[in-house]
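S.K.: As a plain string of letters, each chain reads:
Number of protein chains: 2
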Amino acid sequence: MKKRVSIKDIAEAAGVSTALVSYVLNNKEKEARVGKEIAIKIRDIAKQLNYQPNQLAKSLKSGKSYTIGLIVADISNPFFANIARTIEDEAKKNNYTVIFGSSDENAEKSKDLIDVLVNRQVDGFIIAPTENSQEQIKDLESRGIPLVLIDRYFPGISTNYVATDNFEASVDVVNHLVENGHKRVGLVTYDSDLINIKERQRGYEEALRKHGISVNPSMIAKIRFGNIEEDIPARINALLEGDKPVDSIFFATNTLALNGLKHINTLDYKVPQDLGIVCFDEGDAFDFFYSPLTHVYQPLFEVASKAVNVLIEQINDTQSPKKELIIASELIIRKSSGA
Amino acid sequence: MKKRVSIKDIAEAAGVSTALVSYVLNNKEKEARVGKEIAIKIRDIAKQLNYQPNQLAKSLKSGKSYTIGLIVADISNPFFANIARTIEDEAKKNNYTVIFGSSDENAEKSKDLIDVLVNRQVDGFIIAPTENSQEQIKDLESRGIPLVLIDRYFPGISTNYVATDNFEASVDVVNHLVENGHKRVGLVTYDSDLINIKERQRGYEEALRKHGISVNPSMIAKIRFGNIEEDIPARINALLEGDKPVDSIFFATNTLALNGLKHINTLDYKVPQDLGIVCFDEGDAFDFFYSPLTHVYQPLFEVASKAVNVLIEQINDTQSPKKELIIASELIIRKSSGA
Chain A
1 MKKRVSIKDI AEAAGVSTAL VSYVLNNKEK EARVGKEIAI KIRDIAKQLN YQPNQLAKSL
61 KSGKSYTIGL IVADISNPFF ANIARTIEDE AKKNNYTVIF GSSDENAEKS KDLIDVLVNR
121 QVDGFIIAPT ENSQEQIKDL ESRGIPLVLI DRYFPGISTN YVATDNFEAS VDVVNHLVEN
181 GHKRVGLVTY DSDLINIKER QRGYEEALRK HGISVNPSMI AKIRFGNIEE DIPARINALL
241 EGDKPVDSIF FATNTLALNG LKHINTLDYK VPQDLGIVCF DEGDAFDFFY SPLTHVYQPL
301 FEVASKAVNV LIEQINDTQS PKKELIIASE LIIRKSSGA
Chain B
1 MKKRVSIKDI AEAAGVSTAL VSYVLNNKEK EARVGKEIAI KIRDIAKQLN YQPNQLAKSL
61 KSGKSYTIGL IVADISNPFF ANIARTIEDE AKKNNYTVIF GSSDENAEKS KDLIDVLVNR
121 QVDGFIIAPT ENSQEQIKDL ESRGIPLVLI DRYFPGISTN YVATDNFEAS VDVVNHLVEN
181 GHKRVGLVTY DSDLINIKER QRGYEEALRK HGISVNPSMI AKIRFGNIEE DIPARINALL
241 EGDKPVDSIF FATNTLALNG LKHINTLDYK VPQDLGIVCF DEGDAFDFFY SPLTHVYQPL
301 FEVASKAVNV LIEQINDTQS PKKELIIASE LIIRKSSGA
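Residue numbers (the UniProt record's numbering), protein chains in the order written: chain A, 1 to 339; chain B, 1 to 339.
With the rest of the complex left out, here is chain A:
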């Protein structure tokens, strides 16, 4: 690599002191002390030499890098890709640049990324935390690094978060299915301790009980992260083939729905006549499914923009009180639930 152009190089080329160059390029307050002509000359030379201010040195001084570290669970999931995009747009409006990484639902990878980004002096983090990353979050908190969790959070850890109301959304889904004549509602979800996933199951169970329907564990299919392609066909077949087959399925995430519907398409079931379907989130994929999907719409834009705003508040004042924001989702009723 060529040597970076330094303030010293500019000072030599301009025939002035390094202090003077620094006043002009780094310090708005002190720039007034420098003659206008000299200031213009210094700026011109800096431009000619393609001087890049050393952001790290600047960060150390101002305490700010105007950079946000974003860690999503899986960037190839459209849910997170769209959140990332919206966070970028929101951050840009506030003159922040976002650099991000994907933890792949893997706590070790998450830790690597946090270390890399901390060492690169991001001003703060927005994180969709993976399972078993509690210690990483506690560690960031204890070091006073501004932080907002999105989509998931850990009930035991005091931290900022912005999430949607997974419990209420799932209650709405089951109410809707039951009120439209479905009596045996199956749930396809992940085998996970993540709060968003657990809350969806809790909402499902609570709503069934309210309708006087007892919860049947054999109607809850728990899919392993990373084993979707293997688990989905087996577990869906089990839901459909028992002596008391389900009459409808609630898919707890868009990835589960995508894989589940691909499998159901290979079987002799028509949606919604033979099987009612509701899923969490939308996806381009579902636009072409023959039976438009009833789904939970999570307001991604609101989650992303609130997360950015809460984070910037914390960056500007680390003493500002913690924000725990739960945003309502909306049930969008289409054809697939038989309504």
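Heads up, a few of these hints could be off.
Unchecked claim - When the alpha-carbon atoms are kept at most 30 angstroms apart in a straight line, the in silico DSS-like pairs for lysine-lysine are as follows:
| no. | chain 1 | residue 1 | chain 2 | residue 2 |
| --- | --- | --- | --- | --- |
| 1 | B | Lys111 | A | Lys109 |
| 2 | B | Lys109 | B | Lys306 |
| 3 | B | Lys92 | A | Lys111 |
| 4 | A | Lys109 | B | Lys183 |
Claimed, not checked - If you only want the chain B side, here are some residues facing chain A, beta carbon under 10 angstroms, derived:
| no. | residue |
| --- | --- |
| 5 | Ala11 |
| 6 | Ala84 |
| 7 | Thr86 |
| 8 | Glu88 |
| 9 | Ile99 |
| 10 | Ser102 |
Simulated from the structure, these hints should not be mistaken for laboratory data. Even for Gly, the Cβ is constructed at its ideal location relative to N, Cα and C.
Starting from the structure of chain A, add chain B where the hints point.
M.R.: Using the frame of chain A, we list chain B on its own:
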């Protein structure tokens, strides 16, 4: 923020010199000089104090940060989200962490991201360059920063790149359509100077000519980035409604196909009976389209893994010769092209 634990803190706690601590924690060669017991004690204390090595200081010394900066054109596009995911996986195998950003097909945003990542001492870049970012690429090259372009490149600029053969893939598409009875093949592409887009049009035109079919500009719909939702219905209607309507459409990207098919679904056309369709790339979305899509399969995994390997080669030896890799794509024939 709390003060970072330093080598000095550890030295004090262990009752040894800072040099000794540095030998143990930072310098494998010199560690041999330190007694085994002392080395273990130092490591224990570092762990208790939650010492985080200062990667930046380490980078400055070793000249390496084991971090790759990745800039994609739009992270909410599944094509780039999947490339990002694959690059992450490949980098991880080589002990590199990837931090990335999305330029949103915007040269200014691309420049911001490059500056941020250069200042954060990434060892090198993988970039899917936007239009009008030539100067940014030249600048990185002239500063000797290791760099590999993917998906797109600039013919006038000597740099490493890994791309697919867009020309040949498009020739294959048109050959296939013409050989299956289509005489009036429309092209829906972007209004763009990006090489990958231009090469797709060149392949389309060249193949038509080889079949003795003259190229008709009114059968080429150029859509503006950022105006897709407005342009697609208008331009597709124009292709279908003239006195010589097209009998088939070649969509030059997956985003164009996704939007185009949504519009065609609202019209009274059946695929492939009324209209043959071929598109570039696949997408989860197309799995549910009633007429499975004939499409160009770009080997993303190969592009991503080659890009990572070429970059690491360059990082390890900036004098190693430039690599310009063009990888063949494959035409996957399904139902939508009427074959």
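S.K.: Now tell me, hint by hint, if it's right for this structure.
M.R.: The hints, checked one at a time:
1. Lys111(B) / Lys109(A): holds (28 angstroms)
2. Lys109(B) / Lys306(B): Given pair Lys109(B), Lys306(B) holds - Cα atoms ~26 angstroms apart, limit 30 angstroms.
3. Lys92(B) / Lys111(A): Holds - the C-alpha atoms of Lys111(A) and Lys92(B) are around 13 angstroms apart, at most 30 angstroms.
4. Lys109(A) / Lys183(B): Cα-Cα ~52 angstroms, so violated.
5. Ala11: violated (21 angstroms)
6. Ala84: Holds - the Cβ of Ala84(B) comes within 10 angstroms of chain A, reaching about 5 angstroms at its closest.
7. Thr86: holds (8 angstroms)
8. Glu88: holds (6 angstroms)
9. Ile99: Result: holds, 5 angstroms to nearest chain A Cβ.
10. Ser102: holds (6 angstroms)
Hints 4, 5 from the list above are not met by this structure, while the remaining hints are.
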